[in-house]
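S.K.: Whole structure, please, built from the sequences with the hints as guidance.
Taking our numbering as reference, the numbering of the sequence shown is continuous, increasing by one, and the terminal residue is 164.
Among the hints, erroneous ones may be present.
What the hints assert, rightly or not - Pairs of lysine to any residue residues, derived as SDA-like cross-links and limited to a Cα-Cα distance of at most 20 Å, are as follows:
hint : residue 1 : residue 2
1    : Lys151    : Gly109
2    : Lys118    : Arg87
3    : Lys151    : Val78
4    : Lys151    : Ser80
5    : Lys151    : Tyr94
6    : Lys120    : Ser80
7    : Lys151    : Asp75
8    : Lys151    : Gly135
9    : Lys151    : Ala130
10   : Lys151    : Ser91
These are computed hints drawn from the structure, not numbers from a lab.
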Amino acid sequence: MRTLFSALAIGTSLLTSTAASEPVIFHTARFPDHTVVSLSLVGNRAAASIEYDYDVYISLSQTSAEGEPAYSDPSKHKASVRCNAPAAVAVRGVNYPIPTSNDGGTDWKDDLWRTVCTAPMS
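M.R.: Below you can see the structure in the form of structure tokens.
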């Protein structure tokens, strides 16, 4: 019961803070030409499907080699996130399993899952 309460509190906090504040950058990729591409969580809600916990919305932005904003994607890209086993992120109908151990994956879907499903560490 305590785990369920903690998960609900975290989820409610995430839903509230994401909706009311600036986008949350959850993944950054740096390229050899010094271009930086960031993926941000720009919104979320309870999932429409019972198979997932959250439907989230992602935006992409790019910074030039000089550190200036170069591109900001005006679209919001939807993904669905399941926090409990089997952990997963679904994009366009494709379900991607997420390794939840500390030595887990390192791509944007793993980072998205960790941002949405794990409690922040202080």
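S.K.: Please go over all the hints and tell whether each is borne out by the structure.
M.R.: Okay, the hints, checked on the actual structure:
Distance restraint check for Lys151 and Gly109: the Cα-Cα separation of roughly 25 Å exceeds the 20 Å cut-off, and the hinted pair is therefore not satisfied. The straight-line distance between the Cα atoms of Lys118 and Arg87 is roughly 13 Å, inside the 20 Å bound, and the hint therefore holds. A C-alpha spacing of about 18 Å is found between Lys151 and Val78, which places the hinted pair at or below 20 Å, so the restraint holds. For the proposed pair Lys151 and Ser80, the alpha carbon gap of about 13 Å is at most 20 Å, so the pair holds.
For the suggested pair Lys151 and Tyr94, the alpha carbons sit about 14 Å apart, so the restraint of at most 20 Å is met. The hinted pair formed by Lys120 and Ser80 meets the criterion: a straight-line CA distance of about 16 Å does not exceed 20 Å. Straight-line distance between C-alpha atoms of Lys151 and Asp75 comes to about 24 Å, which puts the hinted pair past the 20 Å bound. Note on Lys151 and Gly135: the hinted pairing holds, with a Cα-Cα distance of about 14 Å set against a maximum of 20 Å.
For the suggested pair Lys151 and Ala130, the alpha carbons sit about 9 Å apart, so the restraint of at most 20 Å is met. Proposed proximity of Lys151 and Ser91 is supported: the alpha carbons are some 19 Å apart, at most 20 Å.
Going down the numbered hints, you'll see the structure goes against 1 and 7, while the others check out.
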